[in-house]
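Q: In case you want the letters, here they are:
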Amino acid sequence: MKKILPPALAEWILAKSLSHNIRYGAMGDFEYIFSEIAESRGPLAAKAWYWKQLAISLPHLVLDTLIWATVMLKNYLLVAYRNLYKNKAASLVNILGLSVAVAVAVTGYLFIERQYTMDGFHENGANLFLVENYVSQGQDIEHRGDTPMPLGPAMQADLPMVKRAVRVAYGHPTIKVGDNTFQESVWMVDSEFQDVFSFRLRLGDKSVPVGIDDVILSDAMAIKYFGDENPLGKQMEFIFSDDTPRMFTVRGVAHPFPNKTSFSFNALIHFDHLQILGVDEEDWAETTGATFIEVTSPEDIPSIAGQMNAYASIQNSANEKRPVTEFVFANIGDLSTQSYAVTGDISGGSHPAGSIVLGLVALFMLALSCINYMNMAIVTASKRLKEIGIRKAVGGSKSQLVMQFLAENIVVCLVALTLGVAIAYFFFVPGFNSLFEWNDAGIKFVDAGIGNLLLFLTVLLIVTGVVSGSYPAFYISSFQPDAIFRNSTTLGGESNLTRGLLSFQFVLAFLTMIMGVVMAQNSDYQAAIDWGYSNELMYVVRADNQEDFRNLKSEIEQIAGVEQVVGATHHFSRSWMKPTVDVGTDRLAPVQFDIGDGFLEMYGLKLMSGKAFTSSSRTSVDGGILINQLFADTRSWSLEEAIGKTIRADSTQYTVAGVVNNFVYDTIYDPIVPAILLSVPEEAHRFLSIRIAAGSSGQTEEAIRAIWKTVVPDREYTGFFQDQVYESIFRENTNIKKVFTFIAILALFVACMGLFGLTAQKIASRMKEISVRKVLGASIPHLTKKMNTSFLIIVSISAVLAMPIGYFAMTGLLGSIYADPMPIGPSSFILSFTFVLITAMLTISTQIRKISSANPADVLRNQ
Amino acid sequence: MDLLGRTEEVLLLTIWRLQDEAYGLSIRDEICAKTGSEWSIGAIYAPLHRLERKGLVTTKFGLPEAKRGGRRTVLYHLTQSGKNALLDTKAVQDALWTGILTLKRA
Chain G
1 MKKILPPALA EWILAKSLSH NIRYGAMGDF EYIFSEIAES RGPLAAKAWY WKQLAISLPH
61 LVLDTLIWAT VMLKNYLLVA YRNLYKNKAA SLVNILGLSV AVAVAVTGYL FIERQYTMDG
121 FHENGANLFL VENYVSQGQD IEHRGDTPMP LGPAMQADLP MVKRAVRVAY GHPTIKVGDN
181 TFQESVWMVD SEFQDVFSFR LRLGDKSVPV GIDDVILSDA MAIKYFGDEN PLGKQMEFIF
241 SDDTPRMFTV RGVAHPFPNK TSFSFNALIH FDHLQILGVD EEDWAETTGA TFIEVTSPED
301 IPSIAGQMNA YASIQNSANE KRPVTEFVFA NIGDLSTQSY AVTGDISGGS HPAGSIVLGL
361 VALFMLALSC INYMNMAIVT ASKRLKEIGI RKAVGGSKSQ LVMQFLAENI VVCLVALTLG
421 VAIAYFFFVP GFNSLFEWND AGIKFVDAGI GNLLLFLTVL LIVTGVVSGS YPAFYISSFQ
481 PDAIFRNSTT LGGESNLTRG LLSFQFVLAF LTMIMGVVMA QNSDYQAAID WGYSNELMYV
541 VRADNQEDFR NLKSEIEQIA GVEQVVGATH HFSRSWMKPT VDVGTDRLAP VQFDIGDGFL
601 EMYGLKLMSG KAFTSSSRTS VDGGILINQL FADTRSWSLE EAIGKTIRAD STQYTVAGVV
661 NNFVYDTIYD PIVPAILLSV PEEAHRFLSI RIAAGSSGQT EEAIRAIWKT VVPDREYTGF
721 FQDQVYESIF RENTNIKKVF TFIAILALFV ACMGLFGLTA QKIASRMKEI SVRKVLGASI
781 PHLTKKMNTS FLIIVSISAV LAMPIGYFAM TGLLGSIYAD PMPIGPSSFI LSFTFVLITA
841 MLTISTQIRK ISSANPADVL RNQ
Chain L
1 MDLLGRTEEV LLLTIWRLQD EAYGLSIRDE ICAKTGSEWS IGAIYAPLHR LERKGLVTTK
61 FGLPEAKRGG RRTVLYHLTQ SGKNALLDTK AVQDALWTGI LTLKRA
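Chains as they are written, first to last, in the numbering used here: chain G, 1 to 863; chain L, 1 to 106.
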C-alpha cells in the first residue's frame, strides 16, 4: 500500500514554527496520528486533521520559539560581551574608530538635512513658488531673483491657476525711536503676504491686513527698539531716501523665526509705499525684489510656465536693457539650495560644496572605520579558530556561529552609535557651530525631524553593522573543523584581503589628508591674494546726500590725523553699477565705478597705459574713461591699442583714456570682471575715502565719529576701515582651515588605529618566530624591519594611488568655489605624505617595544 | 522554592505515571483522558520544552516507527530535580488542604 504523506505545506510550516529541541518528537507525533486517521478514516480526514491540529498548535509553538530565541539572543550577547572584553585592544580600536566616524556622519547629516529642509515650515510650501528670470547681460545670461514690478498682479489676474501673488520690495529707511537711530532694511509687501507665509505673530493679529501706516516687526527688531516694553501701538519714525519723516504704528511682532528659514524680514510695511516714494508700480521697466506665487497645485507649474512668454515680451519692450529670456519657478523648499546660483535672490543659502565635502568626509570616515572593523574581526578570528572548530565539531550549526559573530558586531555598533551621537552632541556640533557666525542659528539636534534622524541612525546602524559585520561573520563561520584542526586554515595577520583593505584605507586617509592640506594652503593663498588696490589705513564713510557729503568732507579734512580725503560715488565691495555697454557690435556688462579726483592714487591703482583723470579731464567733460586690464584683454586690445577706443552706453559715447590694473570689485568668491571707471564731479559723490596717518587710527576714528554726530545726528554711523571689509572672509578662511585640519587628523587617527591593530596582531601571532630569530642573534632593528616592511610598502602604494585622485578632485572642488583657485603644486602632496608617513611610522614603532622586551625563553617554553 | 505551574505539574505527574512509556502522544492521551478536555499537540510540547530547559525532565530516544515517518519516539523522564519539584508542590498543596472546612459542590 502506498503510504499517505502529510500535506507538504503544513509540514513545512510546522517544521519552521517548532523549536529546534522539540521538533523531532512533535513532528513524529503529528505524523503518527495522521497515519492512524488515514488508515481508519481516509486520507482526506487525515489531512483535515493535520491542518486543524497545526492551527491550534501554532500559537503555542510560535510563542515557545520566540521565548527561546530571546533567551538565545541574551546568550549570544553575553558571549559577545565576554569576547569583546577579552580582546580589549581590538574592541577599543573598533569602538573608538566607529564612534568618531558616527559622530562625523551625524554632524554631516544634521548639516545636510538643514540645507535640504530649509523653509519647510511654511504650511502651504508645496504650492509656493518664487518667480525667477533669466536676463541677458551682454554675452552672459544671468539667473536673477528680481522680477518686473507688475508681473505678480498680472499673473494673478490672468492665470486662474495662480491663486495669489505676493511681491516683496526692499526699502532702506533710517528708523528713529527715541534716541535709537539705525539704518534698516525693511520689506514692502503685498497685503496677502501674511496669509501666504507661515511667519507666526507673537503679538498682534495676523488676520488683520497691514495698513498703510502699520508696521510688523521681527522679534529681534522689537527688542532692539523697545526692549522689554510691549511695542504694540508704539510709533516709529521712518526716513526714506526722500528725506521725509513718516510715522508708523507697530501692529504686530513676529515670533522668533524658525531656525530653518532662509529668508526672513526685519519689518513689514505696505507695498504701496513704493508708489509714495515715486516708483511706478505699473511700470514693466521697474523690478521688485521677489515675486512669490501661490498655485492651486504644483502640477500647474508647467502650464503656467508655458504662458510666460507674453509677459517676457511686455517687459522686454518696456525695458530693452534688461531682456528676459525666460521665466522660471522655484519651489520655496528649494530656494536655499540653489540660491548661490541666483543673483539678487531673496533667500540666503550657501554653496552646496559644503554639503558635498561634509558628506564625502562622513562617508570616508565610515568606510575607514568599517574596514578597521573587518580587518580586526578577521585577524582576531585567527585566535578563535579552535573555538570555531570545536563548536562546529560538537554540532553547532553555521547559522549559530553567524549569529554569534553578528551579535558581537551589533554590540560594537550599538555602543559606537551611542558614543558617536554623544560625541556629536557634546563636541562636534557645538564646535562646528562656533566656527560660523550663526549665533544661535547653527545646526541643532532639535531642528532635525526626529523621525528622519532616527531613520538615519537606524540606517547607519544597519549599514555599518552589515557592511562591517557580515563578511567576517560568514567568512569565519564557513571554515571546516577538520581543516582548522589540521592547521591547514591559515588566517594570519596578512592575507591579500587584509592587505587590500589596508591599502584602501590608506588611500582614503591620504585623500582626506590631501584635502585638508590643500584647503588649509588655499585659505592662506586666498588671504594673500592681491586685491589690486591697497587698503591699509584707509577709512571709509558713506553719506546719504550731497549736502551731508560736503559738510562731512570739509569737517573731516580738519582732523589732525587725516592725511587726505577723496570722494567717489561707488566703492569697492560696497557699491557699483552694472550697465550694459556696446563696443563695436558687441554688448558687454562691465562693472562701473564712478570716482572722484585722487581716487586712483589714494588706492594705489596702477595706470598701465594712457593717462589718468585730472580735474580738467573728467568723463563728464570729455567723455574719457578708464578700463581695467581685463576689459582690454577680453577685447584682445593691447594696453596701447586700447587708448582712444570708443565705448557706448545708451546715448553716451565714451573714449578709453587709460588702462588700470585688475582689482577685486566685490569679494574673492566673485571673479574679477571687466570694469570701467568714470570720473564724476563732487556733487555725485557719496563715499568719503579717508587716509589716516599711521599710528593714530584709533583717535582719528573717534574724531570722525564725533563729526558725524554733529553733522548728521539722526543717521546711523556708516564708517568702516577698508581692510576690515575682508575680515569676515578671512575669518571664514581660518575656519575652513580649522575644519579641514581637524577632519584630516581624525581620518589619519582612524587609519592609524587600523594599522596599529594589524601590526599588533601580526607581531602577537608571530611571537614564536620572533623569539627563535632573537635566540639566533637577530637584532631589534632587523626584526622591526622584517615585521613592518610590508605595511610600509602598502602605505607607499596607497600614496601613489591617492595622488592623481586627490589632484583632480581638489582642482575641481577649488575651481567650483573660488574665483581664483590656488594652483595645486607638489608641496601639498609632499606635506600630506610626510604627515601620513610619519604618523604611520610612529604607529608601527609602538610595536618595537613588544619585540625588544619579548623574552624568548618565556615565549618558547609556553608553546 | 519555585512552585510549579499547573500545566507543568500536570505534565510532570503524567510522565511519572507513564514511567518508561512517556512520550508526546501517550502523555497527550493520558492528559486528555484525565482532564476530559482536548489538548493540542502544541499545548503539550511547548511546556515540555520549558521543563526540559529547566532541567526537570530529560529525553531519550525510543524505537523508530513507520507511522512516525520513520522517526524514533522521544521518551521523557523525570530528573531528580523534577521529582523534587513535584514533591515540593505536593507538600504545599497538602499543607494548604489540611485542617480546613470541607468544600462542597453546590
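Honestly, the hints are just simulated from the structure, not real lab data. Hints are supplied without guarantee of correctness; some may be wrong.
[Claimed, not checked] Computed cross-link-like contacts, SDA-like style, restricted to lysine to any residue with a CA-CA straight-line distance of at most 20 Å: (1) G:16 x G:60; (2) L:54 x G:71; (3) L:67 x G:71; (4) L:67 x G:74; (5) L:67 x G:63; (6) G:47 x L:40; (7) G:785 x G:854; (8) G:74 x L:53; (9) L:54 x G:63; (10) L:54 x G:20; (11) L:67 x G:48; (12) L:67 x G:41.
[As the list claims (entries may be wrong)] Here are some, though not all, of the chain G residues that point toward chain L, as calculated from beta-carbon distances under 8 Å: (13) 35; (14) 40; (15) 42; (16) 53; (17) 61; (18) 113; (19) 117; (20) 646; (21) 650.
Built from N, CA and C at the ideal position, the CB exists for glycine as well.
Q: Is residue 67 of chain L within 20 Å of residue 48 of chain G, Cα to Cα?
A: The hint holds at about 18 Å.
Q: Closer than 8 Å between Cβ atoms is the bar; does residue 53 of chain G clear it against chain L? Give me holds or violated.
A: 6 Å, holds
Q: Do the numbers back the hint for residue 61 of chain G, that is, is its least Cβ distance to chain L under 8 Å?
A: For residue 61 of chain G, the interface hint holds, since the closest Cβ of chain L sits about 5 Å away, which is under 8 Å.
Q: Within 20 Å, alpha carbon to alpha carbon, are residue 54 of chain L and residue 20 of chain G?
A: 16 Å, holds
Q: With 8 Å as the cut and Cβ atoms as the points, is residue 35 of chain G at the interface with chain L?
A: For residue 35 of chain G, the interface hint holds, since the closest Cβ of chain L sits about 4 Å away, which is under 8 Å.
Q: Could you check if residue 40 of chain G really has its C-beta closer than 8 Å to a C-beta on chain L?
A: At 12 Å from the nearest chain L Cβ, residue 40 of chain G fails the 8 Å test, so the hint is violated.
Q: So if I understand the rule, the pair passes when the alpha-carbon distance is 20 Å or less; does residue 785 of chain G with residue 854 of chain G pass?
A: Given that 20 Å is the threshold and the Cα spacing comes to 16 Å, the pair holds.
Q: Minimum Cβ distance from residue 650 of chain G to chain L below 8 Å?
A: Check failed: Cβ of residue 650 of chain G comes no nearer than 94 Å to chain L, outside 8 Å.
Q: Compare the distance between the alpha carbons of residue 47 of chain G and residue 40 of chain L with 20 Å, and conclude whether the hinted pair is satisfied.
A: 16 Å, holds
Q: Would you mind confirming whether the straight-line C-alpha gap from residue 67 of chain L to residue 63 of chain G stays at or under 20 Å?
A: Cα-Cα ~28 Å, so violated.
Q: Is the Cα-Cα distance between residue 67 of chain L and residue 71 of chain G 20 Å or less?
A: At roughly 34 Å apart (the allowed maximum being 20 Å), residue 71 of chain G and residue 67 of chain L break the hint.
Q: Holds or violated: is there a CB of chain L closer than 8 Å to the CB of residue 113 of chain G?
A: Because about 47 Å separates residue 113 of chain G from the closest Cβ in chain L, which is outside the 8 Å limit, the hint is violated.
In summary, the structure is inconsistent with hints 3, 4, 5, 14, 15, 18, 19, 20 and 21 from the numbered list given earlier, while agreeing with the others.
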